[in-house]
Amino acid sequence: MSTSLSTRPPEDDRKPGELGFGELLRWIWRQVTSMRTALILLLLLALAAIPGSVIPQSGVDALKTSNWQADHPELTPIYEKLSLFSVYDSPWFSAIYLLLMLSLVGCIVPRTWHYWRGIRAKPPAAPRNLTRLPDHAAYHSTEDPDVLLERARAALGKRRYRLTVSDGPDKWVSAERGYLREVGNLLFHLSVLVVLVGFAIGSLLGYKGGVILVVGNGFSNTLTQYDDFDPGSLFGADDMEPFFLTVDDFDIDWLTEGAAAGQARGFVAHTTYQESLDSPEEEYDLKVNHPLTIGNTDVFLIGHGYAPVITVKDGNGDVVYSGPTIFLPLDQTFQSIGVVKANTAEPTQIGLEGEFYPTAAFSDHTGTYFSAFGDLGNPMISMLVYTGDLNMDAGVPQSVYSLDKSDAPMLRKKNGAPYRVDLQPGEEVTLPNGLGTVSFDGVERWTKLQISQTPGKWIALAGVVLALIGLLGSLFIRPRRVWVRARRDEHGTLVEVAALDRSGGGDTAAVVDELVAALQREDKA
Amino acid sequence: MTDASWETLSNQAVAAAGLVYFLALIAHLIEWSSLRTLPVAAGSERQSSVDIPGGIAVATGPDEAGEAKRRRTELFGRLGFLLTCLAVAIQFVALLARGMAADPNRVPWGNMYEFTLAGSFVVALIYVALYHRLKLAWMAPIVVAFVLTVLMVAAIWLYAPVAPLTEALTSYWLVIHVVSAIIATGAFTLGGITSAMFLVKSRGSERTTGYVARLPQPEVLDRVSYRLHAFGFPVWTFAVLITGPIWAHQAWSSYWNWDPKEVWAFITWVVYAAYLHARTTAGWKGRNAAILALVGMATLWFNFIGINYFSTTSQHSYAGGAPAVVQQR
Ligand code: HEM
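First to last, the sequence lines map onto chains A and B.
Just so you know, we're using the working numbering here: the first sequence kicks off at 1 and counts up by one.
Just so you know, we're using the working numbering here: the second sequence kicks off at 1 and counts up by one.
No wet-lab data here; the hints were simulated from the structure.
From the three backbone atoms N, C-alpha and C, an ideal C-beta is built for every residue, glycine too.
One thing to keep in mind: the hints can contain errors.
Said to hold, decoys possible - Using 25 Å as the maximum straight-line C-alpha spacing, the simulated SDA-like pairs for lysine to any residue come out as follows:
(1) B/LYS135 <-> A/PHE476
(2) A/LYS287 <-> B/TRP252
(3) A/LYS64 <-> B/TRP252
(4) B/LYS285 <-> A/TYR97
(5) A/LYS405 <-> A/SER382
(6) B/LYS285 <-> A/ALA510
(7) B/LYS135 <-> A/ALA518
(8) A/LYS158 <-> B/ARG133
(9) B/LYS285 <-> A/LEU180
(10) B/LYS285 <-> A/ARG502
(11) B/LYS285 <-> A/ARG36
(12) A/LYS287 <-> B/ILE242
(13) B/LYS285 <-> A/MET35
(14) B/LYS201 <-> A/ASP507
(15) B/LYS285 <-> A/GLY106
(16) B/LYS201 <-> A/ALA510
(17) B/LYS285 <-> A/ASP507
(18) B/LYS135 <-> A/VAL516
(19) B/LYS135 <-> A/PRO479
(20) B/LYS285 <-> A/CYS107
(21) B/LYS285 <-> A/SER34
(22) A/LYS287 <-> B/LYS135
(23) B/LYS285 <-> A/ALA518
(24) B/LYS69 <-> B/SER33
(25) B/LYS285 <-> A/LEU99
(26) A/LYS64 <-> B/PHE302
(27) B/LYS201 <-> A/ASP501
(28) B/LYS285 <-> A/VAL105
(29) B/LYS285 <-> A/PHE476
(30) B/LYS285 <-> A/TYR179
(31) B/LYS285 <-> A/ASN185
(32) B/LYS135 <-> A/VAL512
(33) B/LYS285 <-> A/ASP501
As the list claims (entries may be wrong) - A short list of chain A residues far from chain B (calculated; beta carbon distances all over 12 Å):
(34) SER53
(35) TRP116
(36) ARG132
(37) ASP146
(38) ALA154
(39) LEU163
(40) LEU234
The shape of chain A in the complex, shown without the other chains (with noise of 0.2 Å):
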């Protein structure tokens, strides 16, 4: 009795319905990568981008997530818990397109081979009853079967067909064509990987920061001098390029007619840069869509607004204050906001803070002033005043946006309205109480300039134009197979003719009647 050995265990110690260990991954790879469950997981990846959409998220838009988080605080730390925030870094947003991507790798690479297999095979014999096919015809005809069948196959050679030919008793031609549809659909699919990889490098390498530049100052490329800064979780600090930007001019160019008056047609910063230290100085005109190129890091102009000239003296007449003062736009006639904080002043620290109007206009209507317009043509900064502690030693950061007013309170007159400085470019004004003076010396501009690195653009760029390129294969060449069988009977010599589309988007019952045209118009001459 020979012996035979399993490695198998006993398959009957299990209860039905069991599976063992192998057999669930198996199971689970098989669940995972099927068309099914690619598809669903596409459907939930669209579902889940949806809420990014409509909250508002701290990585597109920081200042507005911060007021919708101050809006509601009962939703936010439910938010904050599900990523509301953050949905595209999020780990159940990440979870399904990392799902999606095994299911794509585990879909489309074992079918690699089988591609390959199928792309160097001949077109497979002819069946035996062509008439079954959904699209086929068949007719009768004077001429001999060898003729009909050379025919065909001159006519399907010159429509770039693949062909197979049978010599035996059962005469067939057998052609095939669109091989690379599924190299395309291959090409396409690896290059989605692609592309995020690309993506991938960007957001963990790179970072993007930005800064506000009096016109007139310089910028030197380091950690330091940024206002803002949101590195990748990969980047690393010596991977900056050690440049220097100096913004000289800038220039505005503003509609005062037509519908869009009161908007800027262009705007142009006049930029001198060296590459480092050692480099020569260039120029270059930063404009938007215009960005400057420096090594891998890019410099663009996204913003632009004014900076009034204030100068503060305190009680014992010591310039404690003086500067052009960043003041944020408001809306498209740059009425501006911003603050002062003189925090060495004597007697008591003093906290300026208000608007400033390009163009200033007295509303009647509501009593307040209000920017006409967004160029120089009047300006005007208008400025509450606050004493006492700015709480600036506290040690917290403090935006330079805004005051602490919890131990400054506001200046107030006798009649207990609020004490303002108005003031027009030149003037000056003593405030009461021996606190000092404030002027207005003149208006200067700013740009905000964002600075970033983006490693792996190219590979992502190359990735999407790869993986158009792969869908035009994918989508447009259409494979099928076509059928000519040619038999003598009792009529005559019977051709059959069949064809089969592999893709579910071509028409074969017009390739069938095509070939059966060119077929019977050789027949007639």
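Go by the hints and put chain B with the ligand onto chain A.
The following block gives chain B with the ligand in isolation, referenced to the frame of chain A:
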């Protein structure tokens, strides 16, 4: 010509195009209403290679009244199509004049009005261009009614005077990006109409007269819909995932920002990818795939119109609101 007279010309051309579309619609309605009582020819139900898929099959026979009716129907069908072609040409003039009216001259898509004008133009243009190739006669009344409605909505609610583009929008990438986005939108819209009709037709009414009975077979509708989507999808990919990011990188320093418009363009892309997959997946073919195509069209149009009302963070400033003067991040 002065800018003002170009603008007047554009407005007049929009009105004229609307009028001609309206006449085309009437012609098609007459065509279809006189077809209503004629039973569908037996042959058109047959599934064979000589059948002309998508063509309107009309019973022919010795019946004199039927013959006269058939001729009248054909006449109005042709008239409707010719009027549609004329309207498309006039609408093109409207767009051209709109661009000439701006100083400096520019592409006519700076705001919702112009985008809607261009979008409906492309829907009509693609329909006219593919009319013979995909045998779209059955679609005539729907497309013409659709374009006419959109044109009216544009003229009544969305009208905005000619204005120069904001600087972020003056880029040739904008031209490529928007042209391709509009073309894809047109193709997807026609595909969506076809898929909707597929759903109607495949409910399988027994009637042999009426509009539904004359629609092409469900297989044909499914294939036409696929062709339109297969054309639209790569164009959309090009618009949203290639030229859009390139332009965004130049204008906003970040090629993909998860801006709401971008998010919805991405959602649309994913839904259409799902549609293409569904068509090749057992259990999802046919009905479910057609539903996905409609979902895709819904996301597309929502992105175009709806998102502007839901979100104000969008930097796609044609949506209305003031362009961001400065972004505080
Ligand atoms: C990132 C996600 C994916 C996208 C965007 C995507 C997109 C596409 C597109 C556009 C097509 C062309 C459809 C056509 O030829 O009609 C396609 C086909 C295909 N996809 Fe995907 N796909 C994705 C993931 C997957 C996954 C995970 C699988 C595996 C389960 C998969 C399997 C296939 C197959 C087998 C085809 C060929 C269908 C055919 O021959 O008609 N795809 N895919």
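12 Å cut-off, C-beta based - A/SER53 kept clear of every residue in chain B: Per Cβ check, A/SER53 is inside 12 Å of chain B; nearest 4 Å; violated.
Given hint A/GLY106 paired with B/LYS285 - CA-CA distance at most 25 Å: holds, 22 Å
Holds or violated: B/LYS285 to A/ASP501, with C-alpha atoms at most 25 Å apart: Within the cut-off at roughly 16 Å; holds.
Restraint status (C-alpha distance of A/LYS64 to B/TRP252 at most 25 Å): holds, 18 Å
B/LYS285 paired with A/ASP507 [C-alpha distance capped at 25 Å]: holds, 17 Å
25 Å Cα cutoff - pair B/LYS285, A/VAL105: holds, 23 Å
Agreement of B/LYS285 and A/ASN185 with the hint, judged by alpha carbon distance not exceeding 25 Å: Given that 25 Å is the threshold and the Cα spacing comes to 19 Å, the pair holds.
Least C-beta distance between A/LEU234 and chain B, which was stated to exceed 12 Å: Answer for A/LEU234: holds, closest chain B Cβ roughly 18 Å.
Given hint A/MET35 paired with B/LYS285 - CA-CA distance at most 25 Å: holds, 12 Å
Proposed proximity, A/ALA518 with B/LYS285 (alpha carbon, max 25 Å): violated, 34 Å
Holds or violated: B/LYS135 to A/ALA518, with C-alpha atoms at most 25 Å apart: Measuring from Cα to Cα gives roughly 23 Å; hence the hint holds.
Restraint check for B/LYS135 with A/VAL516, where alpha carbons must lie at most 25 Å apart: The hint holds at about 22 Å.
Violated hints, listed in ascending order, are 22, 23, 34; each of the other numbered hints is respected by the structure.
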